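Student: In case you want the letters, here they are:
There are 2 protein chains.
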Amino acid sequence: MTVARTEGTRRGEFDLINSLFAPLARRHPAALNLADDAAVLPPPEGGQHTVVSMDTLVSGVHFLPDDPADLVARKAMRVNLSDMAAMGARPLGVFLSVALSPAEGDAWMDRFTRGLEQDLGAFDVGLLGGDTVATPGPATFSITILGTVPPGTHLSRGGGRPGDHLWVSGTIGDSALGLRALQGDLAFLDEDARASLADRYRLPCPRVALGIGLRGLATAALDISDGLSADLAHLCRASGCAARVSGPAVPLSAPARDCVSADPTWLDVVLGGGDDYELVFAAPPGRDAAIRALGDRLNIPVTRVGALVPAAPEAPDTPLVWVLDGNGAPLTLAATGYRHRWE
Amino acid sequence: MTVARTEGTRRGEFDLINSLFAPLARRHPAALNLADDAAVLPPPEGGQHTVVSMDTLVSGVHFLPDDPADLVARKAMRVNLSDMAAMGARPLGVFLSVALSPAEGDAWMDRFTRGLEQDLGAFDVGLLGGDTVATPGPATFSITILGTVPPGTHLSRGGGRPGDHLWVSGTIGDSALGLRALQGDLAFLDEDARASLADRYRLPCPRVALGIGLRGLATAALDISDGLSADLAHLCRASGCAARVSGPAVPLSAPARDCVSADPTWLDVVLGGGDDYELVFAAPPGRDAAIRALGDRLNIPVTRVGALVPAAPEAPDTPLVWVLDGNGAPLTLAATGYRHRWE
Numbered sequence: 001m002t003v004a005r006t007e008g009t010r011r012g013e014f015d016l017i018n019s020l021f022a023p024l025a026r027r028h029p030a031a032l033n034l035a036d037d038a039a040v041l042p043p044p045e046g047g048q049h050t051v052v053s054m055d056t057l058v059s060g061v062h063f064l065p066d067d068p069a070d071l072v073a074r075k076a077m078r079v080n081l082s083d084m085a086a087m088g089a090r091p092l093g094v095f096l097s098v099a100l101s102p103a104e105g106d107a108w109m110d111r112f113t114r115g116l117e118q119d120l121g122a123f124d125v126g127l128l129g130g131d132t133v134a135t136p137g138p139a140t141f142s143i144t145i146l147g148t149v150p151p152g153t154h155l156s157r158g159g160g161r162p163g164d165h166l167w168v169s170g171t172i173g174d175s176a177l178g179l180r181a182l183q184g185d186l187a188f189l190d191e192d193a194r195a196s197l198a199d200r201y202r203l204p205c206p207r208v209a210l211g212i213g214l215r216g217l218a219t220a221a222l223d224i225s226d227g228l229s230a231d232l233a234h235l236c237r238a239s240g241c242a243a244r245v246s247g248p249a250v251p252l253s254a255p256a257r258d259c260v261s262a263d264p265t266w267l268d269v270v271l272g273g274g275d276d277y278e279l280v281f282a283a284p285p286g287r288d289a290a291i292r293a294l295g296d297r298l299n300i301p302v303t304r305v306g307a308l309v310p311a312a313p314e315a316p317d318t319p320l321v322w323v324l325d326g327n328g329a330p331l332t333l334a335a336t337g338y339r340h341r342w343e
Numbered sequence: 001m002t003v004a005r006t007e008g009t010r011r012g013e014f015d016l017i018n019s020l021f022a023p024l025a026r027r028h029p030a031a032l033n034l035a036d037d038a039a040v041l042p043p044p045e046g047g048q049h050t051v052v053s054m055d056t057l058v059s060g061v062h063f064l065p066d067d068p069a070d071l072v073a074r075k076a077m078r079v080n081l082s083d084m085a086a087m088g089a090r091p092l093g094v095f096l097s098v099a100l101s102p103a104e105g106d107a108w109m110d111r112f113t114r115g116l117e118q119d120l121g122a123f124d125v126g127l128l129g130g131d132t133v134a135t136p137g138p139a140t141f142s143i144t145i146l147g148t149v150p151p152g153t154h155l156s157r158g159g160g161r162p163g164d165h166l167w168v169s170g171t172i173g174d175s176a177l178g179l180r181a182l183q184g185d186l187a188f189l190d191e192d193a194r195a196s197l198a199d200r201y202r203l204p205c206p207r208v209a210l211g212i213g214l215r216g217l218a219t220a221a222l223d224i225s226d227g228l229s230a231d232l233a234h235l236c237r238a239s240g241c242a243a244r245v246s247g248p249a250v251p252l253s254a255p256a257r258d259c260v261s262a263d264p265t266w267l268d269v270v271l272g273g274g275d276d277y278e279l280v281f282a283a284p285p286g287r288d289a290a291i292r293a294l295g296d297r298l299n300i301p302v303t304r305v306g307a308l309v310p311a312a313p314e315a316p317d318t319p320l321v322w323v324l325d326g327n328g329a330p331l332t333l334a335a336t337g338y339r340h341r342w343e
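Respectively, the protein sequence lines represent chains P and B. The first sequence begins at 1 in UniProt numbering and counts up one residue at a time. The second sequence begins at 1 in UniProt numbering and counts up one residue at a time.
Since the hints were made in silico from the structure, they are not lab data. In this text, all values refer to a predicted model and were calculated from it rather than measured experimentally.
Cβ-Cβ distance ranges computed for the label pairs, FRET-style:
{"no.": "1", "chain 1": "P", "residue 1": "Asp317", "chain 2": "B", "residue 2": "Arg114", "range": "28 to 36 Å"}
{"no.": "2", "chain 1": "B", "residue 1": "Pro102", "chain 2": "P", "residue 2": "Arg237", "range": "25 to 33 Å"}
{"no.": "3", "chain 1": "B", "residue 1": "Gly328", "chain 2": "P", "residue 2": "Pro42", "range": "39 to 47 Å"}
Using N, Cα and C, we set each Cβ at its ideal position, and we do this for glycine too.
Kindly produce the complete structure, drawing on both the sequences and the hints.
Tutor: Have a look at this one:
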């Protein structure tokens, strides 16, 4: 029952499910071909625990309305896969809720479905269920993802201890700069550089294999969605620590380095912008070699960027995350409004 | 990272989660106090299977923008609980994705949270996780619900056989009539009658205990969201049957009876309107007494409304669902546009 139906050049809900989604669901028997009211999953093998997370993307908020539909689907998948990576979980399947506005016609949904299929295959996860509704507002995609971990091995945010080294995967800041490029900024970069940053905004690379490999190595981890500084503050708060990060050690791509060289204030966007979907994690110094070996084996860059230090509970206003310059001084770019501390 | 933030007199995402949702999540350890990237659930006891479903409600589409916020929360919960009922699953917990427009301020969210808490308690389910985002469109609530069933006992849509009796719980059509009452129709009813129908629209009553009790009794079941006729057609299609329903046997509340007496065309809304969230189910005739005893024990009305009959695969255009009048003739109200058959 609906108060009002939003009409468009679009298949109805049943057609959408039958024609587009049901074929994708065939690869997993738990989906019951999307023909029932729910999916039914047997217990994971070996007593494993189930890890569940949910993330929603709104058109115009989390992606641009003119982003290609297949990349929208893949971004929705990858944002959720990144939560599995942050937990050290092996992704199992997704539930997809699709709220469509009149702007998303059949051609848009066909392309969306192709993107969905591509990443279901690439990450070997099943489409287990979901629903489709009409909305008079912007298209909204909500995914619930299920994964598995052996008991007691999931990565949390709260296990970091003073002295642990801090690491990040990949490069930081490309996505936030990519959004600026898509919005018409960064004209001083050449077209290829802008396109490479935009690609990182549209299509994050969730570090699923790294998360699984970090079980037993990392004491704390999370994925960077709100920005390295903000997400590291979450890790610090949960771990009861503070963090010191070496600004020059933070790994930047060549286009990001060009941005910061051209104008150091872009470092604010790099460290605070978010949407990286890289992992930031802590581990005792004795595991440095194992972590480097893991990165080499997976061909995923991992970079040591700092360390956890004791928090100052007697001074609750003390910042949790300090970014230091090459001389070990707190990085301040006061003239440009650059924040030297975050929480 | 967001393209644009929708500002309002509202707490930020972290505040919303910390101040409103985290206290509700304390009742279930798997939620990890909503402080991590995901929930972690141990395997269900006794090798049970996990049943998972997802349903989304959009303001102005699935509820009225001026519906009380606590009832919006409870309706979102109950629509999802109804899917567990349809599967015969015992609800375990929910994940809640909240997309808020500027219209939903702190007071609205406080009231929403109170409704959420009320139904989490009433149905003994945990708040396990979720996310909050801003939207420039209508408020949108997506819930993923998890439940459990012993292996092989879930109710499906596809197990019905010719000869099975067809049953419904509760009364049919109140919710669809209630929406009409809220929209200013049904002026010929007195105020109490209109209010009682409106209550059924705003606050469905998911038949969770009945669904669990029907394990081993019902051969097929689903919950009525699209309307008795349409949902029964889903059951027929999945079961490879057709259905004959006695129109006069369909249980109506007193206000619904008054509507149909005043104008028989309201029967179209009763049978086709939807949002009932009652169960429609099939069972062999030998189980009639057991089903009546179950309804008595649970104090949930169950009414036999018809039977499954062989489909006519040689005539694919034959309707799957026939509603018959008191004389056994197909019910036709052609002059009023009443549809005498559905699929």
